[in-house]
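Per the working numbering, the sequence shown starts with residue 71, numbered consecutively.
One or more of the hints may lead you astray.
Taking CB as the label site, the calculated pair distances span [what the hints assert, rightly or not]:
hint, residue 1, residue 2, range
1, Asp-206, Arg-383, 40 to 48 angstroms
2, Trp-263, Gly-161, 31 to 39 angstroms
3, His-374, Ser-111, 28 to 36 angstroms
These are calculated hints, taken from the structure and not from any lab test. We put the beta carbon where it would ideally sit given N, CA and C, even for glycine.
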Amino acid sequence: MKHLPKGTGVRLLLAALAAFAPVAYGFFSAEFRGRGVPDGSIVEVLIPDGAASLEVADVLQERELIFHPRIFDAYVRLKGQGRQLKAGRYGIPRGAPYPYLLDVLRTGAVVTTPLTIPEGLRLPQVAERLAAYVGDSAAAVLAYLTAPERVDELGVPGPTLEGYLFPETYRFADGVGVRVIVQAVVGRYRGFWGGEERAQAAALGLDEREVVTLASIVEKEVRRDEERPVVAGVYWNRLQRDMLLQADPTVQYALGEPRARLLYRDIDSVADHPYNTYTQPGLPPGPIASPGAASLRAALQPAHHEYIFFVARNDGSHEFTRTLREHNNARNRIRLDRESAER
């Protein structure tokens, strides 16, 4: 048997490695750059709960985002992130490289969808929106919201969650439940209250529930932000003079079903209801809807004036007056204007 010259084996190995190196570099470089042409399209990816890194890699291959699951799995493990990939629905750009994929899956940058709670909604209306968002029945969601233990559990003044589901647009990942949503929404409400707000409430002699109650009435009365402090000032003046608030929205709340036009017989039909401010003194027992930040600020900083009446104009704004005579004159004039416009 002939022996190769000394060092020939090493030279052959080095030559083989040298020949293979460009191929290997090209292979792994292409793999790490991701699969597909970055054309701006978004690929939807659903990572199930508890998926191991290789299972995640299999999903990415199925969605044509990577070529080789085991290489991605090895990359993730090499980075020490094998147990850090988070479940959820993701929107990933086609052609995304390995570092981007890992960063998105590690940080849990999942796709979210918006949930809007407008100002002035009552609990049943909020329940309908939450139910549509999570795919449950409105009755089941309302039962959750009105459960007696919910007030203490979430740390709000009560008497129910009415008024404390803060109006805003939120974003949640798919599959989130009502409990998580309600915690976030009430948390946003609690975030409104800082040291300055509590000092303002104390200066008025109002507790948190009373502020939210007044703000909820303002929310239901007013369309224009500039009028909110003025309307709050009207109710504040009435409270200071021990006058009945005579706030139509509280009667609507007592009736349960809103009326397009509130009549005296409607008011009389709920004369004994604690929320009827035409017959019951002071603020009602609790909020009648969810006030937004503008109405809460108006309740904390009511405008200083002498008005104790206001009436809605045909354009949705209000006319404010100091005496009953002025108020009646304004009502009659606005009524005549409306009748004239309808002819």
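- Query: Out of the numbered hints, which ones does the structure contradict?
  - Reply: 3
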